[in-house]
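Chains as they are written, first to last, in our numbering: chain B, 1 to 346; chain P, 1 to 346; chain A, 1 to 346.
Heads up, some of the hints might be wrong.
Chain P stretches covered by chain A per the calculated footprint, using a threshold of three residues with CB under 8 Å from any CB of chain A [claimed, not checked]:
#, region
1, 133-142
2, 163-175
3, 285-292
Pulled from the structure, derived: some chain B residues nowhere near chain P, Cβ distances all over 10 Å [claimed, not checked]:
#, residue
4, Arg3
5, Gly48
6, Lys85
7, Ala138
8, Cys166
9, Ile173
10, Val197
11, Arg198
12, Ala208
13, Ala212
14, Leu229
15, Val251
16, Leu289
17, Glu322
18, Trp343
19, Trp344
Hint data in this document are derived by calculation from the structure and do not stem from the laboratory. From a predicted model like this one, the values you see are computed outputs, not experimental measurements. Glycine included, C-beta positions come from ideal geometry on N, C-alpha and C.
Chain by chain, the residues:
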Amino acid sequence: MTRRELVEIGITAAIVAAAAVCALGGLDDVLTFAVTGLALAALARLVGTATEQLGGRLGSGGAGVVQSALGNLPELFVALFALNKGLQDVVQSALVGSVLANSMLVLGLAFTVGGARHGTLRFNPERARLIATLTVLAAAILAMPSLAHAFHTPAARHEQALTLICAGVLLAIFALTLPSFLRGFVGEVHAPPRWSVRLTAVVLGGAAGGAALVSDWFVNALGPAIHTLHMSEDFAGLVIVAIAGNAVENVVGLQLAARNQPDFAISVIMNSSLQVTLALTPAIVFLSLFFSTHLVLTYPVLLAFSLLLAGILGAIVVYDGESNWQEGIVLVGLYVVIAASFWWGT
Amino acid sequence: MTRRELVEIGITAAIVAAAAVCALGGLDDVLTFAVTGLALAALARLVGTATEQLGGRLGSGGAGVVQSALGNLPELFVALFALNKGLQDVVQSALVGSVLANSMLVLGLAFTVGGARHGTLRFNPERARLIATLTVLAAAILAMPSLAHAFHTPAARHEQALTLICAGVLLAIFALTLPSFLRGFVGEVHAPPRWSVRLTAVVLGGAAGGAALVSDWFVNALGPAIHTLHMSEDFAGLVIVAIAGNAVENVVGLQLAARNQPDFAISVIMNSSLQVTLALTPAIVFLSLFFSTHLVLTYPVLLAFSLLLAGILGAIVVYDGESNWQEGIVLVGLYVVIAASFWWGT
Amino acid sequence: MTRRELVEIGITAAIVAAAAVCALGGLDDVLTFAVTGLALAALARLVGTATEQLGGRLGSGGAGVVQSALGNLPELFVALFALNKGLQDVVQSALVGSVLANSMLVLGLAFTVGGARHGTLRFNPERARLIATLTVLAAAILAMPSLAHAFHTPAARHEQALTLICAGVLLAIFALTLPSFLRGFVGEVHAPPRWSVRLTAVVLGGAAGGAALVSDWFVNALGPAIHTLHMSEDFAGLVIVAIAGNAVENVVGLQLAARNQPDFAISVIMNSSLQVTLALTPAIVFLSLFFSTHLVLTYPVLLAFSLLLAGILGAIVVYDGESNWQEGIVLVGLYVVIAASFWWGT
Numbered sequence: 001m002t003r004r005e006l007v008e009i010g011i012t013a014a015i016v017a018a019a020a021v022c023a024l025g026g027l028d029d030v031l032t033f034a035v036t037g038l039a040l041a042a043l044a045r046l047v048g049t050a051t052e053q054l055g056g057r058l059g060s061g062g063a064g065v066v067q068s069a070l071g072n073l074p075e076l077f078v079a080l081f082a083l084n085k086g087l088q089d090v091v092q093s094a095l096v097g098s099v100l101a102n103s104m105l106v107l108g109l110a111f112t113v114g115g116a117r118h119g120t121l122r123f124n125p126e127r128a129r130l131i132a133t134l135t136v137l138a139a140a141i142l143a144m145p146s147l148a149h150a151f152h153t154p155a156a157r158h159e160q161a162l163t164l165i166c167a168g169v170l171l172a173i174f175a176l177t178l179p180s181f182l183r184g185f186v187g188e189v190h191a192p193p194r195w196s197v198r199l200t201a202v203v204l205g206g207a208a209g210g211a212a213l214v215s216d217w218f219v220n221a222l223g224p225a226i227h228t229l230h231m232s233e234d235f236a237g238l239v240i241v242a243i244a245g246n247a248v249e250n251v252v253g254l255q256l257a258a259r260n261q262p263d264f265a266i267s268v269i270m271n272s273s274l275q276v277t278l279a280l281t282p283a284i285v286f287l288s289l290f291f292s293t294h295l296v297l298t299y300p301v302l303l304a305f306s307l308l309l310a311g312i313l314g315a316i317v318v319y320d321g322e323s324n325w326q327e328g329i330v331l332v333g334l335y336v337v338i339a340a341s342f343w344w345g346t
Numbered sequence: 001m002t003r004r005e006l007v008e009i010g011i012t013a014a015i016v017a018a019a020a021v022c023a024l025g026g027l028d029d030v031l032t033f034a035v036t037g038l039a040l041a042a043l044a045r046l047v048g049t050a051t052e053q054l055g056g057r058l059g060s061g062g063a064g065v066v067q068s069a070l071g072n073l074p075e076l077f078v079a080l081f082a083l084n085k086g087l088q089d090v091v092q093s094a095l096v097g098s099v100l101a102n103s104m105l106v107l108g109l110a111f112t113v114g115g116a117r118h119g120t121l122r123f124n125p126e127r128a129r130l131i132a133t134l135t136v137l138a139a140a141i142l143a144m145p146s147l148a149h150a151f152h153t154p155a156a157r158h159e160q161a162l163t164l165i166c167a168g169v170l171l172a173i174f175a176l177t178l179p180s181f182l183r184g185f186v187g188e189v190h191a192p193p194r195w196s197v198r199l200t201a202v203v204l205g206g207a208a209g210g211a212a213l214v215s216d217w218f219v220n221a222l223g224p225a226i227h228t229l230h231m232s233e234d235f236a237g238l239v240i241v242a243i244a245g246n247a248v249e250n251v252v253g254l255q256l257a258a259r260n261q262p263d264f265a266i267s268v269i270m271n272s273s274l275q276v277t278l279a280l281t282p283a284i285v286f287l288s289l290f291f292s293t294h295l296v297l298t299y300p301v302l303l304a305f306s307l308l309l310a311g312i313l314g315a316i317v318v319y320d321g322e323s324n325w326q327e328g329i330v331l332v333g334l335y336v337v338i339a340a341s342f343w344w345g346t
Numbered sequence: 001m002t003r004r005e006l007v008e009i010g011i012t013a014a015i016v017a018a019a020a021v022c023a024l025g026g027l028d029d030v031l032t033f034a035v036t037g038l039a040l041a042a043l044a045r046l047v048g049t050a051t052e053q054l055g056g057r058l059g060s061g062g063a064g065v066v067q068s069a070l071g072n073l074p075e076l077f078v079a080l081f082a083l084n085k086g087l088q089d090v091v092q093s094a095l096v097g098s099v100l101a102n103s104m105l106v107l108g109l110a111f112t113v114g115g116a117r118h119g120t121l122r123f124n125p126e127r128a129r130l131i132a133t134l135t136v137l138a139a140a141i142l143a144m145p146s147l148a149h150a151f152h153t154p155a156a157r158h159e160q161a162l163t164l165i166c167a168g169v170l171l172a173i174f175a176l177t178l179p180s181f182l183r184g185f186v187g188e189v190h191a192p193p194r195w196s197v198r199l200t201a202v203v204l205g206g207a208a209g210g211a212a213l214v215s216d217w218f219v220n221a222l223g224p225a226i227h228t229l230h231m232s233e234d235f236a237g238l239v240i241v242a243i244a245g246n247a248v249e250n251v252v253g254l255q256l257a258a259r260n261q262p263d264f265a266i267s268v269i270m271n272s273s274l275q276v277t278l279a280l281t282p283a284i285v286f287l288s289l290f291f292s293t294h295l296v297l298t299y300p301v302l303l304a305f306s307l308l309l310a311g312i313l314g315a316i317v318v319y320d321g322e323s324n325w326q327e328g329i330v331l332v333g334l335y336v337v338i339a340a341s342f343w344w345g346t
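Only chain B is shown next, with the shape it has when bound in the complex (with noise of 0.2 Å):
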């Protein structure tokens, strides 16, 4: 273990326990609700630290479906947390949100700062087109149920049904493109693994652990924190509880554009929002059946549009394989714009 990755810890269990003092002290929610945050970004990172080392251990494939299952774990905790206590709104929104935060304001973000610094940024087109292709079309499977709700078809009376098959689809095109994904990530070479299998084992244990009690402290601290700060339940899961629980994803993805990386900066934050469609909701929607309130699919019909949206035109933004820091600033400007029509509640 080097020396910064010893400090990744100290920092990491620091701010856990600066967490825990917030949350079981009783201090101010919305400073709970920020610390704890923080530390779920913390954790989140810290799992990715430990995934890279099971890399070189398991292999580009083995490395990729452990991390697949493991990097979503804290959106997951928090998920399932949330549903817990009956907050479907907040679910619903922050799995849409993560898509919207990925596929616009970091894809804008990263567009910006890569393309004002290098220019135009030219990437593989062939990658970029095909996960942007996978994802417009998951995000309208994903729609689906929310449109037939909206435009009050007979359906409409069937969500919990057309949740399933839906839910269903989606986790058996994920199960069967799975394979086939993980062989085909290039450019994502692993260092010989530095750490032993015990060590990985109790610092993914430890940070997992970790990931859920404070997703649970997270979780309580946000219904105070919506109310002190007059944000509406939509607000808070597309905004905030999406942006901290893909912020690694969103840094990584920001730093790689800065070095002038966009091909693989675009893989990463293009596949962030594919897996969010492809594979976390669908497995929130299967668990949650185990919990009294059960996840359906049926959005606000604007959020379901805004999905879409996303989809389509991320699928435009990225297909000529070309981006520049005005794509990037139109980007970041719609998400403001959405992020905003959401700021009200009722």
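Could you slot chains P and A onto chain B? The hints should help.
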């Protein structure tokens, strides 16, 4: 006439005879529905074989005109008989369903089959883009009256007038672009004709007459079969009638994809969507003026949306001139979820 | 000043004089409406000629700034006078109509004319894609408040605030991207100026002043003319005002396409859409704060949808750097059907 063609005619005649027994003998409705559907597909295939003989005689252009006119004959008969029985919902959803089935299900299956066998399919993007662009524009034209209706604009009270304007514009576009399209059909090399003009005319006449008869039986069995199977009228049209009516294009497209002829496969599949939008739908609108039930183009809004989505996503999928089985599987998944959204009736 | 320019000024003065006679003499409303519309187009053309003279003096960049500011002057005056008379619907639909007319009607006509004369038009796809991408993103920003309103989200009760956020974001994007855009304008070679600074200033001032006067007459005739012609306010704005206000860009774009300069033609036509979205609309929103009727960006939902569709379809059409007259005809057909959908009033 080759032995194979004789066998084809014999089998078609046998299935039509079986359909006659079911329909006139008052056998079980679902059985009658299935057998008459099969007979329609067999007759459509026979029309295709016979017009192929015309190809060697009239040249690619002339044969194309005849094929355009006759290839959609069974769908046309079914639509007119169904309108005559007041089944407007079935007709509307069958027309949209033809586009959806072609652009999502059949294209997706072709990508899956072809991609699984031959890896990434590469095809000439220019032709595919042109058909896709024309299809999405035509789909947008076709969706406008429904959107005007769904969004309660003043035009909603003039749906018949707006339908006629819309259908008139589509037919005018069809008439203007038809000649250039026919000239442009490359890859359709026609063998010299082996049938005499008389034989061709007899087979075509027989097949067309048979299609008219069988369509009547099919539509008669449709209502009771829908009822017995507890599906909605929309689902019956969108899925069952649409797939039966396009069975031939569908099978041919899949065979071509399996044989690694993605250019020809995509051309057959996507042209079928374009013809339904640009020619068949407006033709039925005008013909329906002579019936008691006039076809108006104000679909349920979810149908109109699905049509638009099919157009836009179809364009995104084929635009890069590449496809693989992952894209294929997600397209099929999207079709399944859209179809499921229409399963329930009022 | 060349003889041709003198003739242009003379004709413009004559048409403005005729407009004055109609407007002040209380002649027939429809006649006044037509003549003042013609006078607006002539004045817009004169502004274009005069700023061209500035081009040689200020360089391409500076002239571009002035052209951006002055080129939309007639539209701006018409919008402000119409708002002053409370014709908010006309202003809203005229702004969307500018985008639709450019992206569908004029682009479609340019493709049809150019394609019919010169076969498949091939243009530099990079520039066209960039403008198309920025336009679809800006259109999505502009459509969000309307969608939030139409889908009854809580933000619907805060349409003024959401309008200001949306307009602020658009203006900020415009301000940030303007310099790079102006620098990037290639193909616009400016001849050395032949007019003195004083002459240029006099002509520009005269044209601008004339545009202000004529706009007032045009708006005064608008209401009675709409009534006499039995069209809806939406149709008047969407089609009549939009086409009159963009007459110059339209004619220039078509001429360029006919002369087989598709790059320049597409640049002129699509930039006009982008400017309306990114600059003119938010500018009118902020200026309207000084009027009794504030412009809110909550359009009828069918308008917002048409705007989004225009953006998405425009991107699909130009993305491949190729177009032909078939695509052109279908675009024109789509414009006709959209326009027809707004013909009827409440």
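Legend entry - Violated hints - listed by number, lowest first: 3, 7, 8, 9
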